[in-house]
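S.K.: Keeping their order, the protein sequence lines are chains G and L.
According to UniProt numbering, the first sequence is numbered sequentially starting from 1.
According to UniProt numbering, the second sequence is numbered sequentially starting from 1.
Where hints are given, some of them may not hold.
With a cut-off of at most 30 Å between alpha-carbon atoms, the simulated DSS-like pairs for lysine-lysine come out as follows [said to hold, decoys possible]: (1) K43(G) / K143(L); (2) K100(G) / K124(L); (3) K43(G) / K124(L); (4) K212(G) / K178(L).
Examples of chain L residues toward chain G, derived with CB under 8 Å [as the list claims (entries may be wrong)]: (5) S45; (6) V46; (7) S49; (8) V74; (9) G96; (10) S98; (11) G140.
Computed list of chain G residues with no C-beta within reach of chain L, every gap over 12 Å [stated by the list, open to error]: (12) E15; (13) L30; (14) D37; (15) L66; (16) T98; (17) Q142; (18) G155; (19) G167; (20) K179; (21) N209; (22) A213; (23) I223; (24) N227.
The set of hints was computed from the structure by calculation and includes no laboratory data.
Keep in mind it's a predicted model, so treat the numbers as computed, not measured.
We put the CB at the ideal spot given by N, CA and C, even for glycine.
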Amino acid sequence: MLAIFQKAFVHPPAELNSPASHFSGKTPKLPGETLSDFLSLHKDTAFSMNFGASAVLAYSRPNNSLRQRLFCGIDGVYCMFLGRLSNLCTLNRQYGLTGKNTSEAMFVIEAYRTLRDRGPYPADQVLRGLEGSYAFVVYDTQTSSVFSALSSDGGESLYWGISGDDGSVVMSDDVKIIKQGCAKSFAPFPTGCMFHSETGLKSFEHPKNKMKAMQRIDSEGVICGANFKVDACSKVNAIPRRGSEANWALANSR
Amino acid sequence: MLAVFEKTVANSPEALQSPHSGSSPSYALKEGYLASQFVSKNSNSVTLSLGSSGVLAYSLDNTDPLVHRLFAVVDDIFCVFRGHIENLPFLRQQYGLSKVTNEAIMVIEAYRTLRDRGPYPVDKVVRDFHGNFAFILFDGTNKTVFTAADADGTVPFFWGTDAEGHLVLSDDTAIVKKGCSKSYSPFPKGCFFTSSGGLRSYEHPKNQLKPVPRVDSSGEVCGATFQVDAEAKREGTTGMPRVESSQNWAGHI
Numbered sequence: 001m002l003a004i005f006q007k008a009f010v011h012p013p014a015e016l017n018s019p020a021s022h023f024s025g026k027t028p029k030l031p032g033e034t035l036s037d038f039l040s041l042h043k044d045t046a047f048s049m050n051f052g053a054s055a056v057l058a059y060s061r062p063n064n065s066l067r068q069r070l071f072c073g074i075d076g077v078y079c080m081f082l083g084r085l086s087n088l089c090t091l092n093r094q095y096g097l098t099g100k101n102t103s104e105a106m107f108v109i110e111a112y113r114t115l116r117d118r119g120p121y122p123a124d125q126v127l128r129g130l131e132g133s134y135a136f137v138v139y140d141t142q143t144s145s146v147f148s149a150l151s152s153d154g155g156e157s158l159y160w161g162i163s164g165d166d167g168s169v170v171m172s173d174d175v176k177i178i179k180q181g182c183a184k185s186f187a188p189f190p191t192g193c194m195f196h197s198e199t200g201l202k203s204f205e206h207p208k209n210k211m212k213a214m215q216r217i218d219s220e221g222v223i224c225g226a227n228f229k230v231d232a233c234s235k236v237n238a239i240p241r242r243g244s245e246a247n248w249a250l251a252n253s254r
Numbered sequence: 001m002l003a004v005f006e007k008t009v010a011n012s013p014e015a016l017q018s019p020h021s022g023s024s025p026s027y028a029l030k031e032g033y034l035a036s037q038f039v040s041k042n043s044n045s046v047t048l049s050l051g052s053s054g055v056l057a058y059s060l061d062n063t064d065p066l067v068h069r070l071f072a073v074v075d076d077i078f079c080v081f082r083g084h085i086e087n088l089p090f091l092r093q094q095y096g097l098s099k100v101t102n103e104a105i106m107v108i109e110a111y112r113t114l115r116d117r118g119p120y121p122v123d124k125v126v127r128d129f130h131g132n133f134a135f136i137l138f139d140g141t142n143k144t145v146f147t148a149a150d151a152d153g154t155v156p157f158f159w160g161t162d163a164e165g166h167l168v169l170s171d172d173t174a175i176v177k178k179g180c181s182k183s184y185s186p187f188p189k190g191c192f193f194t195s196s197g198g199l200r201s202y203e204h205p206k207n208q209l210k211p212v213p214r215v216d217s218s219g220e221v222c223g224a225t226f227q228v229d230a231e232a233k234r235e236g237t238t239g240m241p242r243v244e245s246s247q248n249w250a251g252h253i
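Only chain G is shown next, with the shape it has when bound in the complex (with noise of 0.2 Å):
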């Protein structure tokens, strides 16, 4: 799985990127090297999207069935799902999906566009319901972002990176693709965090918290974009008094 956003929307925490990734060797690739890399990986089984200049999605089957990859896209919502909801019985019966053929990828675009449009409870309330090792980025096409989330066990891997010259934002479980792809630029996705394009880098186990970036040093000694914990002292602020008619939509989300 690959997806590669655009700088202008996408506001990736400016701690990915390393100093070095411009001094050291390899140069940080283009977005569409990137791209042809992870096709040419797998041949037969990739395909991939292509949404103007603003983003590219690309996805290949897995050939074992050990670990589930799914892609989905309805009504201009892209999810591409990695792992496996425990509870997914529960959350479609919630959601009002049909629990015959709704996969965890076409539950979460729905819970996104619950999240987008309704906005009952805030994200990381509902990130907190998913039982299970999952991780998945949703690219939405109508507002232009992009929401991606990784469970607090760590079972699956996201890496994401920032590449090329205009900054582009790579993600992908692939860490040989990000390593080509971004040089020094890059780092794992903190496990039990969300990220979306407009409110940032949160910790939804531990949402009024912020999240605090620490550089790593790869084997090589250079600085090698930033491991993000979530940081004990610092509140985002007190719990707000709220009636019930809050609206917890993602984009204003605090």
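Place chain L on chain G using the hints.
M.R.: This is chain L only, laid out in the frame that chain G set:
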């Protein structure tokens, strides 16, 4: 919308090839030529490259609120849909789909039913769609194509072959012309095309389809229109075959 399928995925009928296209051959698939033409024409568009099987492209601009242009991908089945199906609520109930269904999702589910369970023959399923529509469906796991147009032909839908034998489908005649020069024609009304079964009419499923060469304004043979031959029946369908309720129509898709 635009779809170009490699010739191993979809065997376009030979009658579509025009003898006059040899002078200026056009290659739809080479270096993504036709896809880039589509993108330059429609600013807000999405292109999907299906590995080596072909290319799908559709435009996100929805200028006409009455004509739905939909795209959906579920479980490696891609569907580009244009038009409106009037009995969508009935079909949604029949296929057991949820409230978030649009026509593209329904077509994907109908195709999946045809492919995996085969309770009815294909022509009956497409006959159940009431409305003005045209859709292109690509199954990524089996690498097959399923496309159909309604019986009135209200939605513009064209198909053709390019110089390498790849199948080009689109609702924009200018794009098809660029891809196929003279080897194209309007998709026949009331027919559906599948990779394995070729072109069939769903209104008269037992009759064969006769290609009638059509001559365009410059007097050259330009593809062919297919018409139902009232006399000739398709092989294998003469007489009602004895079928029981356990009949599996999945092999006839």
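S.K.: Could you run down the list of hints and mark each one as holding or not?
M.R.: Results for each hint:
no., hint, verdict
1, K43(G) / K143(L), "14 Å, holds"
2, K100(G) / K124(L), "24 Å, holds"
3, K43(G) / K124(L), "37 Å, violated"
4, K212(G) / K178(L), "54 Å, violated"
5, S45, "7 Å, holds"
6, V46, "5 Å, holds"
7, S49, "5 Å, holds"
8, V74, "5 Å, holds"
9, G96, "6 Å, holds"
10, S98, "4 Å, holds"
11, G140, "7 Å, holds"
12, E15, "32 Å, holds"
13, L30, "17 Å, holds"
14, D37, "15 Å, holds"
15, L66, "18 Å, holds"
16, T98, "4 Å, violated"
17, Q142, "9 Å, violated"
18, G155, "22 Å, holds"
19, G167, "23 Å, holds"
20, K179, "24 Å, holds"
21, N209, "35 Å, holds"
22, A213, "34 Å, holds"
23, I223, "36 Å, holds"
24, N227, "34 Å, holds"
Violated hints for the displayed structure, listed by number in ascending order: 3, 4, 16, 17.
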